[in-house]
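Peer 1: Below, each chain spelled out in residue letters.
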Amino acid sequence: MTRSYLFTEDLLGTAALGIEPTDHQVKPANSPGLVRTSSSGNPSGILDYEMDPEIIAAEKAEMIAGLTSAPTLAITLPVESFFGVVDGICANSSLSNNDSLDPLGLEWRRLASFDPTMENSDTQENGEITISGGVSRNYRYNSKHNFRLIFNARNSVLGKNDWLMPAAPFSSSLPRMFKQLQLRNSTQDRWTIRDLNASPKSTVASGYTNRRDRAAYIREAWARKVFREMNPLPPPALNGVDLEGGAEPEGNLIAHRRWIHVFINGLYWGIYDMTERVGEDFARTYLDRGEDYDVFKSDGSGTITNVDGSIAQWNTLLTICSTAGFSTSDTTAWEEVLKILDLDSYLDYLIVNFYMNNRDWGSNGTILKVVWPCIVASRIIPSINLHFSDDLMTTMSIFPEFSP
Amino acid sequence: MNGLSLRSLQIFQEARDEISPLMSLESARWGDAASEPGAAGYSYRKADPGNTPNAGVGGDFLNAADFLGTEYLPQRKPLFRTTIEGFLNPPAQ
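Residue numbers (my numbering), protein chains in the order written: chain A, 1 to 404; chain B, 1001 to 1093.
To be clear, the hints were calculated from the coordinates, so they are not data collected in a lab. Do not rely on the hints blindly, as some may be mistaken.
[Said to hold, decoys possible] One-sided excerpt, in silico: chain B residues whose CB lies under 10 Å from chain A: (1) Ala1015; (2) Pro1021; (3) Arg1029; (4) Gly1031; (5) Asp1066; (6) Phe1067; (7) Tyr1072; (8) Leu1073.
Ideal placement from N, C-alpha and C gives every residue a C-beta, glycine not left out.
Go ahead and model the full structure; you've got the sequences and the hints to work with.
Peer 2: So, in structure tokens, the structure goes:
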């Protein structure tokens, strides 16, 4: 167990914010620290952990205000577990075991202490941390990796229960339980993505140009909120009974998010989009806590994988959609589709994707366009909801050549 | 359609207001992260007084956010309508 105390007035200009990281923060014994990699894959120098002193000098007052305008999450773990060449999750971030749910592999989860400072909530918890994501895990493309925090780890030696935040970390008034949380740095809409075919501040030319020039860190936040507001859902329930006493409906089912500051072993690691991880516990939190849910998602190739439960209901939906698609005059076939698919939610999903002109999206050959969503299906009352999980970032003309 | 467009702009402004106070910190920590090692790379800033963006290209947070709020979203509405109408009324084979 650890506790972290951050004094904002003292942070800027000290090692705590990484101007001069100390060896014990970033260098395991007998290791030079993380090696920086060029876009061609060649190692060159050591990764830059510093805060830019020129920017601090110019914008110090705004930085201090910014530190208090969002919650913080201090993560503490052995330096070898994070930076170590042999055992560190950062140094080995690009490894892959072809597991779409745990791309780095279960063996690359590391024990850590999580110390949040949020509204009315400073409950320290132990758990595990790993690096998540696809191409973003490769230093050639990106050095600010996504993290996943696990509080009910499958292989945890802690035997921890779910993390119950005593205050609302997102928007609802009820305490929420989380088995996992994501710290997202959505790769495309960020300054940290490296364009292999473009130099910084490139001109608009053929091929992919510099998307960093259009990074606004806004695209996913915008899309998630628009989608939620389009189709109100009833408030959370337990066996059909409203749990929140007539609270406002949540809206379309989608993971909640908020910006937080992340410190790793006292080193400022930047802002992250803390986002719920979608699974059966997520569905129970926002739908009915007494019900069982299947949750499945598609990987980058369009293959559907079950996160919880089975994908049987999804396969059923695809079958009857195909039948309906080939018999457009047969209303009976479409009625079968509507018995399973939450049509309003699905249409909202399509509208937001088209409105954003999503370029990382497509068709899997069925009448359902499902490349990146997570899907939540009730086992008791068949109702499949499609909602966004990740990857709403290659949108809104992030590439200048993709006009509105 | 008007409802979606107007509310979408409000939500955009809310999202911009949420992230804006944090961008100076992000720029100091990660603004130059994508530069090639050893190269004189560009360090992204919240507001870069020396930024002379190419036409239609942002270059710092404020320019990039302005592009979304004043160009992309306002222009997107009629294009989105055309896209949807094309799906609903496909050309005759």
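Peer 1: Of all the hints numbered above, which does this structure not satisfy? Sort the numbers upward.
Peer 2: When the structure is compared with the hints, none of them turns out to be violated.
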